[in-house]
Structure formats: C-alpha cells, structure tokens
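J.: Here the protein sequences line up with chains W and S, keeping their order. With the first letter of the first sequence counted as 1, position 156 gets the number 211 in our numbering; the numbers rise by one all the way through. With the first letter of the second sequence counted as 1, position 216 gets the number 578 in our numbering; the numbers rise by one all the way through.
This list has only true hints and no planted wrong ones.
Listed below are the simulated SDA-like cross-link pairs for lysine to any residue, each with C-alpha atoms no more than 20 Å apart in a straight line: (1) 482(S) <-> 660(S); (2) 560(S) <-> 550(S); (3) 560(S) <-> 571(S); (4) 78(W) <-> 89(W); (5) 482(S) <-> 256(W); (6) 554(S) <-> 582(S); (7) 193(W) <-> 420(S); (8) 107(W) <-> 291(W); (9) 193(W) <-> 380(S); (10) 169(W) <-> 227(W); (11) 152(W) <-> 514(S); (12) 482(S) <-> 260(W); (13) 193(W) <-> 378(S); (14) 169(W) <-> 149(W); (15) 169(W) <-> 266(W); (16) 107(W) <-> 284(W); (17) 560(S) <-> 493(S); (18) 554(S) <-> 572(S); (19) 482(S) <-> 263(W); (20) 169(W) <-> 268(W); (21) 107(W) <-> 97(W); (22) 193(W) <-> 385(S); (23) 193(W) <-> 379(S); (24) 193(W) <-> 419(S); (25) 560(S) <-> 495(S); (26) 193(W) <-> 382(S); (27) 482(S) <-> 250(W); (28) 482(S) <-> 246(W); (29) 482(S) <-> 507(S); (30) 193(W) <-> 384(S); (31) 152(W) <-> 515(S); (32) 482(S) <-> 255(W); (33) 482(S) <-> 247(W); (34) 482(S) <-> 258(W); (35) 482(S) <-> 254(W); (36) 169(W) <-> 140(W); (37) 107(W) <-> 296(W).
Derived list of chain S stretches under chain W, where covered just means 3 residues or more per stretch with a C-beta under 8 Å from a C-beta of chain W: (38) 470-482; (39) 504-518; (40) 638-648.
The hints are simulated quantities; they were obtained by calculation from the structure and are not laboratory data. Computed from a predicted model, the values in this text were never measured in an experiment. Every residue, glycine too, gets a C-beta built ideally from N, C-alpha and C.
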Amino acid sequence: MATEYTHPPIPPPSRKKRRLTDKLAPFVTVPLNWIDERSAIVRGTKYFLFRKVPSDTNWFHTLGSATLTAFLVQAGTGVILAFYYRPTPDEAYDSIKSITHEVTLGWLVRGMHKWGASVFIILLFLHMARVFLFGAYKYPRELNWIIGFTLLILGMLQGFTGYLLPWDQTAYWATVVGINLNGTGPVLGPFLAQFLRGGDEIGPNTLTIFYAMHMLLLPGAIAGLILLHLYLVVRLGVSSPPWSPERAGAPRVDEEPRGPGLVRPRARGRFAR
Amino acid sequence: MEPRHGDDKPHTPTPSIWPVGFAVGIACILAGLVVSTPAVIAGVVIAVIFGALWARDAMRAGRQEPAVPAAEAPTTDEEEPDQYPRNVFLEMTTLALGGVITAIVSVPIVGFAILPAFTKQEAPGVDLGPVDNFPEGEWIEATFLSEPSLGEVSARTAFVRFNGTVSGEPSYTIISNRCVHLGCPTSPSGPKNEEERKTVEVENEEISLTPVLPAGFSCPCHGGAYDTEGNRTAGPPVRALDRYLFAIIDGRLVLGDRYSVGEVVGEGARAEIHSYGLQGPGEHVDGLSGWLYPIQPQDLR
Chain W
56 MATEYTHPPI PPPSRKKRRL TDKLAPFVTV PLNWIDERSA IVRGTKYFLF RKVPSDTNWF
116 HTLGSATLTA FLVQAGTGVI LAFYYRPTPD EAYDSIKSIT HEVTLGWLVR GMHKWGASVF
176 IILLFLHMAR VFLFGAYKYP RELNWIIGFT LLILGMLQGF TGYLLPWDQT AYWATVVGIN
236 LNGTGPVLGP FLAQFLRGGD EIGPNTLTIF YAMHMLLLPG AIAGLILLHL YLVVRLGVSS
296 PPWSPERAGA PRVDEEPRGP GLVRPRARGR FAR
Chain S
363 MEPRHGDDKP HTPTPSIWPV GFAVGIACIL AGLVVSTPAV IAGVVIAVIF GALWARDAMR
423 AGRQEPAVPA AEAPTTDEEE PDQYPRNVFL EMTTLALGGV ITAIVSVPIV GFAILPAFTK
483 QEAPGVDLGP VDNFPEGEWI EATFLSEPSL GEVSARTAFV RFNGTVSGEP SYTIISNRCV
543 HLGCPTSPSG PKNEEERKTV EVENEEISLT PVLPAGFSCP CHGGAYDTEG NRTAGPPVRA
603 LDRYLFAIID GRLVLGDRYS VGEVVGEGAR AEIHSYGLQG PGEHVDGLSG WLYPIQPQDL
663 R
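For reference, chain W alone in the conformation it holds in the complex (with noise of 0.2 Å):
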C-alpha cells in the first residue's frame, strides 16, 4: 500500500498579488457567471474537465487525448486545404501541386496533413494497445472498446480515400487495387466495388465519390462517435492500472463533497491535502 503523503503548506499569494487578481477577477467571473446562469455550460465544462481520477494513472492514459488531437490537426489542415483543392481528373494533380509549391504555407499545412494522417494511424494503434494491455476494455466497458474499435475502421477508410486525392500514378493504382480487393469479397463483393467506382470503371466520380466521402461523410460519423466515446469515458471513469492498488471500476460516489478546487479530499497522490 501506498504511504500517505502529505504535500508541504502553500504560501499564500503576496498581498500586492492578491489585491491584483482581485481586481481583476470581476472581469472573467461576470461573464462567465451571466452565461452559466443562463446556460450551465461552465459548470458542465467544470463537470467535463474537473473529473476524479485513479492517483496511479501515468502517460499512457494519455494517447487517447493524442489521438483526438490529431485527429483536430486533420480536420483543420483538412478544412484549409480544401480552400485549395479542386476534385476534377484535369485539376486535382494541378491543384495539389499548386498547394505544395506554390500558395503561401501550402507545403507546410499539406505536409502536417499528410505526416498527420500517419500520426492519427499510429496512436489509434498505440492508444488501442493501452487499452487492450490494462484490461481496459473489460466491464462496464466494453461498448467503449466497440465504439473505439469502429473509429479504428472509420479511420483507416479515411487513409484510403484520402490517399486517392492527389490523382498520381501511386494514388490511382492504389485505389486500384484497394477497390478490387474489396471486390473479391463473397457475394456482394462485386457491388461494393462498383459503389466506391461510381460506375464500371474509375473516372471523375470515382475522385468526386472518395472525396465527399473523405472530407463530409467519415470524419462527421468520426466526430460524432468520438463524442460518444468520451460521453462514455466520463461517464464511466477512468480505469485504474493492472497494478493500482486501488479496485478497478470502484463506483463513483457521488455524495463525496469536492475538495477544495479541483481535488478529491481522499487522494493519495502528490496532490492530497
């Protein structure tokens, strides 16, 4: 068990600080106060951030954070590039070279969203093994795991059509081949391919179809399960190491009075007071 640990007094702030801050305070604390009163969006903000903890979690817990932040990096990198990006057979290659080597900081924010991609596929992975290795998945949370999972699928779909839109010889085959090997899927293999062809062959509806698909369809179904995802996550708590001495999945108590600011009276981390 862990030793209790006692975190040395806090000085409190300077008396010139303090007549400072209290000056100031009036001025965040108002509007903040008018908009919770009329809408509790601080306190649910409060409610979102401010949750309980085990006192054991470490790094790993935070791939998940990564994830979602790089999957924002994409969708705004995204959002500009597409100011750009023009979805036709005559234009797309035009176009990308155009982002690259031509509009202002267009090599840069192509290049985040393109090394960003392989990012976003790699802490999945790495945020998924976390989750697998602490038994993470196990219950109540398992339906979390299904969802996580889905988003894993939504977003290797995202790499396959997003790596259809810069129309070169690599892209084109690629998309090739991807498509045929949906194809040879039993049954109704055959029309799964022709539904991402557009048609019989690939053609302009072929880049018009994977570029809707990559910029409106998968990362709105993404955004929304990823708000499923962390509903969830507050909802059920954060789940302790395998080695935590504390039990994992204890239920939340409610009743439990909030500590003074953001901490729990009973923790047993460096910030227990």
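With chain W held as given, fit chain S onto it using these hints.
T.: Using the frame of chain W, we list chain S on its own:
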C-alpha cells in the same frame, strides 16, 4: 446509475474456458482456409462445440439473474389495467407520421447515393483503325481511351494479334492488359519496338499501336505472370487474362465488351476459350470458388 463492480456480486457469465476453445476453433478455420480443407472442418467442429457450450453457460447465467425483481412485477400490472388511451394513440400516430416523412425524404436520397453507380454504364465500342495495321501473327500493343469524353483516366491497353483466317472468318486474339489479380497493368515480357510505333487518328482520339515481342505478360504489382494466351503461369492471379469481343466494320477493327476467361486450351485461331461474363479482378470464375460470386452488378441491368 453508476456501474458497481468488484463487490460480492460475481461476473455474469462466470469466467470459463469455452470462449478460448471457440477462439481456437475460429483460428483453426482461418488457418485451414490457407492450409487444408480437413483443418477447416476440424475448426468448424471445435468452434460449434465450444460456441454451444459458451452460449449454454451464458444463457443459464441470464436465467438465474432476474429471480428477485420478478416478484415485484405483478403489483404494477394490477394498477394499470389494459387500455388504449388517447396519449398512446397520439404517440403512435406521431411516430408513424415521422416514419412516413423520413421514408419519403430518405428513399430518393439513398437511391441517388447508390443507383447511379449501377445504371447507364454502357460503354461504346472502340475503333482501333484499319485492320491492315495488324499483320498476321504479330503482337500489337494498342493504347486507347475507352471513353474519350472522360479523358486520360479512361486510357486502356489491349494486346492484339491477328491469327489469320479460319474457314473464311478472321480470328483475333485481343487480351486486356488488366491483371486479374487486383487490376494493375500488365506489360509484355519482351522487347517493344518503339521505332515502329504508329498513331491512328479515329473519331475523337488518337490510338497508339506499338509492335511487341512478348514471351508472356507480367504484372509489376504482385508478380502475376501469364503466357501469350493469357493463361496464368505464376503468381497470385486466379484465372486467365480477360479478353475483348471484336467486330470488323468497314475494314476497321472495333473492340466490344470485355469478358472473363477461366483458361485457354490450345492457341491462336484454334484456341478453346473457356469464357464467362466479365468479373472483377481477383474473382474466381470456375471451380468451387466460382460460387462465391453468384451475381455481378451488370447481371441486373
């Protein structure tokens, strides 16, 4: 509300070895698909036995559970006698109306999302120019646009050989260059005579004809190799290369639809071609695996 766990209540269902056996069975099936058929059968037997045991355990655990709350149920039933009040009627009609509106809106949308890929897909024939450009017994690599209005993306290649005339009928071997493994472009294994390349002007495109001397055809992607009749000689392809139907119209060679080929026995004009309707790359046309693809999108047109 909050999940409670780790107290005296046991897991439902209790941990058992059945899921492990089930997983072993599935693994056996997957391995057997690659290695041998008896292993598949053994895997199915293992998976069914352990799956049944697992399901039996799970259901038994479920049956024991609701013993306690069942006792409370009758009291609520007596308070609410069977009736069909107005609010139930309104609830149902609101849901039904919403369902009808959703259907009216979504059926055309879903149809528009899916149907265009499956309808109006007829491709026009491709004119390859005068038949004089195809001397008897020589292979010509013909590159053309299958649909000129779509531009370069519709570029296709066929290998054409004139086999001479048999009982007054001209015979051509016209092989599509698309690998029947996963659709990469095969190329002739042998020299190309670039100096003798011809370009033929037809209606609204240019066709390029290059004499080649193939010992066979090979694919750069995954190593598929074929002989000059299109039969597989090595690598992952599951059948022979697709071929084109052809017609000779006003002394010009015109390509028609593509069709798939199981195998070709013999060669040239006397070849016996086991032909099938066009199927996608990687799809078996004959043997047991041919049953995996009972209908093709073009069958529904």
